[in-house]
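Novice: In order, the protein sequence lines correspond to chains U and B.
150 is the number of the first residue of the first sequence in the working numbering; add one for each residue after it.
-1 is the number of the first residue of the second sequence in the working numbering; add one for each residue after it.
Quick caveat, the hints were computed from the structure, so don't treat them as lab data.
Built from N, CA and C at the ideal position, the CB exists for glycine as well.
If a hint is listed, it holds; no wrong ones were tucked in.
Pairs of lysine-lysine, DSS-like flavour, derived with a Cα cap of 25 Å:
hint	chain 1	residue 1	chain 2	residue 2
1	B	138	U	342
2	B	160	B	138
3	B	13	B	26
4	U	342	B	160
For each label pair, taking beta carbons as the anchor points, the in silico distance ranges come out as:
hint	chain 1	residue 1	chain 2	residue 2	range
5	U	530	B	36	24 to 32 Å
6	B	152	U	198	51 to 59 Å
7	U	433	B	138	49 to 57 Å
8	U	406	B	181	27 to 35 Å
9	U	533	B	167	40 to 48 Å
10	U	348	B	213	37 to 45 Å
11	U	533	B	31	21 to 29 Å
12	U	360	B	28	51 to 59 Å
13	U	360	B	31	43 to 51 Å
14	U	273	B	31	55 to 63 Å
15	U	459	B	122	56 to 64 Å
16	B	28	U	351	45 to 53 Å
17	U	516	B	187	31 to 39 Å
18	B	31	U	351	37 to 45 Å
Listing some non-contacts, in silico: residues in chain U with all C-beta distances to chain B over 12 Å:
hint	residue
19	181
20	228
21	317
22	380
23	462
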Amino acid sequence: MTAILPRPRGWPSILLARARAADPTDLDAALAAGAFEGLRRAIRQLGPAATIAEVEASGLRGRGGAGHRTAAKWRAAASTPARIRYVVANGYGADPGASTDRTLLETDPYAVVEGVAIAAFAVGAEEAFISVRTTATEALRRIQAAVDTASSRNFIGDDVLGSGVRIEIEVRPVQGAYMLGEETVLLKALDGKRGQPEQRPPHPATRGFRDAPTVIQNVQTLAAVPWILRKGAAAFAAIGTEDAPGTILVDVRGHQRSGVAEVQLGTPLRDIVALGGRPRPRRSLKAVLVGGPTGGILPAAALDTPYTFEALRGAGAHVGSGSVIVADDRACVVDLGRLLTRYSADEACGKTIPCRIGVRRIAEIGERLTTGTSRAGDLELLTDLAADVVGSGLCDHERLATLPMLSGLRYFRDEVDAHYLRGECPAGVCRPISLGVPAAARTTRGRGAARPVPSTTAARAQA
Amino acid sequence: MSVLPGLVPGLGLVKGMALTLRRFFAPKATVRYPEMPADVATKFRGRLQLLYDEHGLLKCETCFQCAQACPIECIDMGGLDTKGRFHVHWGPPETYGERREESALRRSGRTVPDPAYVHFVPFDLATVDEILEAHNHDPKHMLRILEATQAAFGHLPVAAMKRISERTGAWYATIYGTATYYGHLRFEPPGAAAQAAEVSARRPSDDTYLAALGASVVGRRR
Ligand SMILES: Cc1cc2nc3c(=O)[nH]c(=O)nc-3n(C[C@H](O)[C@H](O)[C@H](O)COP(=O)(O)O)c2cc1C
Ligand code: SF4
Ligand code: FES
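Same shape as in the complex, but just chain B:
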């Protein structure tokens, strides 16, 4: 019968120190990367995190090449990108929760409790369906469909874009990419004036570029 731990005072401490001592004299496992390649698991895919630069902007350009390449559309992006665009991700935070729940359901058949999850607000899909009907559900008319959707809702709600993806068969990443590309399409309600002002302050528009060029050519101090 072994001595029950806790009965001998200080035994836990001795055991802990023994472990420390063993580790202390064990050979170091540091790898001199890149001279010596690290031994990583074959399924390792690097550090799955978007990095920020020294200005606090996401280094991701939101080119969405990765999201478009992902066969199961599992790549999301969030935050403020290098061009100062908000809502780089595929919708407001609640849809993240929704997506997580969705995928948990799909994988294991049961939902995971997710404190960030807020139920999706009911959304009037009939309007989107009418627009799609008018454009023959044809993804070739994507720009016009998106413009009509924006005209109807004031902006492009995520639910509407999802519906468009569902009904036209076009990939969500492709639709999202199209929508981010055109300056007149927006993802925020038009009331978000402060946000728009911040975006234009960060994203050099033609006008700010021309003003800066004019100043630079005549050598005005910055």
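Chain U on its own, in the form it takes in the complex:
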């Protein structure tokens, strides 16, 4: 199990509130802590429409990475005429380096079960799925135990809380590539089909699993819903920022410590990095990778960026998997960008051609930079290619996959130029390093001398 990082006093706790419970699958202990009160209030007092209104008033946004408004999805699914509707909890946790969703499923499985049940009640779904990565065995065991216990005590099942409402929840272990975390891919995997994204619209909320309206939501999003119904939308909206209320789980890999922590949205990146401890002696922070394999590489100067969906996007990163990885001055930003882009290229599903080929070409530019074999014009090619790839894909992967190289170019221009123009790696990570000859003169295929990219091209690619 992943460590949970100690937090400063006074930080609110919603998702990890029960992290210290002796046995998270003990229903009586969970009930004593308020579990299933939210579901009871939704069914006995509010009814579906008022439940959605309450979630809307709380301002809850999806924790799966993009930050879509939760209530809007629910309303779309509820208002689409259909005989059957579904709810799917996305607990896949695609990023192998982040265990936020897994930790939530391990420490508070009842919150996820209750959140799924409330969502199902609000949109009128009778069947729901909780999908978890097959390798997360402990999370799977606990969520399965929670579903079994809750249904044996009628918190879910044929007759929820004696109200006649039917909500069946099935835990589905799923296994596949990175792309399986994407919503339309997950829906296909649940149906046993090959995992490739679908054209949208129609969004899953209007036409998803087996063509029925489907609400697909990250497990953290769903686990916040019981708290909102129990404590009220206003209490939730008071936490975090006005535009992005509430808390979110981050997976910090810091200078000294690594683990999962719960932070308010809007917390400055500096405070999140601090959870992982200070730099080791004689070392300093060089870069922070925010957002997992497709994240942005941000410099120390960007540490004041608040951790919100919009601010991170503006800075060239994204919330993504919630991963925050600190690199000190030993790391080479170009090497890191190359590695991440290669991973993204290998994981691209291949359905959209600009993503399939373009990201691979970007990865190759990164490889040429790190091996000192850059061709003249490579950086122009990188920014041009990135600008062309973005917006061409069926899912968002193609845009995100360009972030590591583009943010490296944006913030660490000197280091990139050292690789490109002089074939040197200032951090001494990449080999071969300088041969004392400008890179462009060494390549036979170069078209003219290597020169810095005009900043306008770089700016266009960033926009």
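Based on these hints, arrange chain B with the ligands on the given structure of chain U.
Specialist: Just chain B with the ligands now, kept in the frame of chain U:
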């Protein structure tokens, strides 16, 4: 009566040189593509060949969009793809021969002699049929059907997948695509350990990615 060729020594040579000379002074037919579009037959469909990149890997991603789109399921792919997966094609080489023979039969009613063709090994279809029966022949349960087939045979034999396609009505390309997508399904007998090792060396797994990330973050030399 014309002079019989062969009777006059050197006549063939003269004729050959005359042809060469005519061609030499004829206007050049080179087309400056793409400034001038080439004049190609309307049924031309490009170069029907899968290309390799500089690492010797197929450029094809095996997305199978083409195979799934082909109405008569005539598209095959072979070799090692960019993700290092073997058996990108629809089965071992012998089934190629079989397919060629099949289609020749279908088109012309007679078989073509094909040196690459080895007869298909008899295969126990009853097991597959039982699995299909247990899953109601329902293509919606494809993943579970494939898993059960793998449990029975140790891997997914081509004949079994063909049978599944036949009986469930699902397209072979779709079934194959599903099977390539999931890491726990395999097309080779489990004994092919060397092959599996090569695949994992080429295909970055979560573990190799994490190890590389850890090394990169602390600036360890590659
Ligand atoms: C390449 C890619 C990978 C994704 N991986 C995940 C994932 O592992 N877990 C997740 O919850 N959402 C993931 N998402 C986001 C989902 O598509 C989807 O937006 C999310 O599950 C919706 O839930 P939310 O509204 O609660 O955020 C991924 C998206 C993309 C484009
Ligand atoms: S953008 Fe990339 S990952 Fe997404 S559907 Fe297209 S090819 Fe697949
Ligand atoms: S890229 Fe080759 S089948 Fe699609």
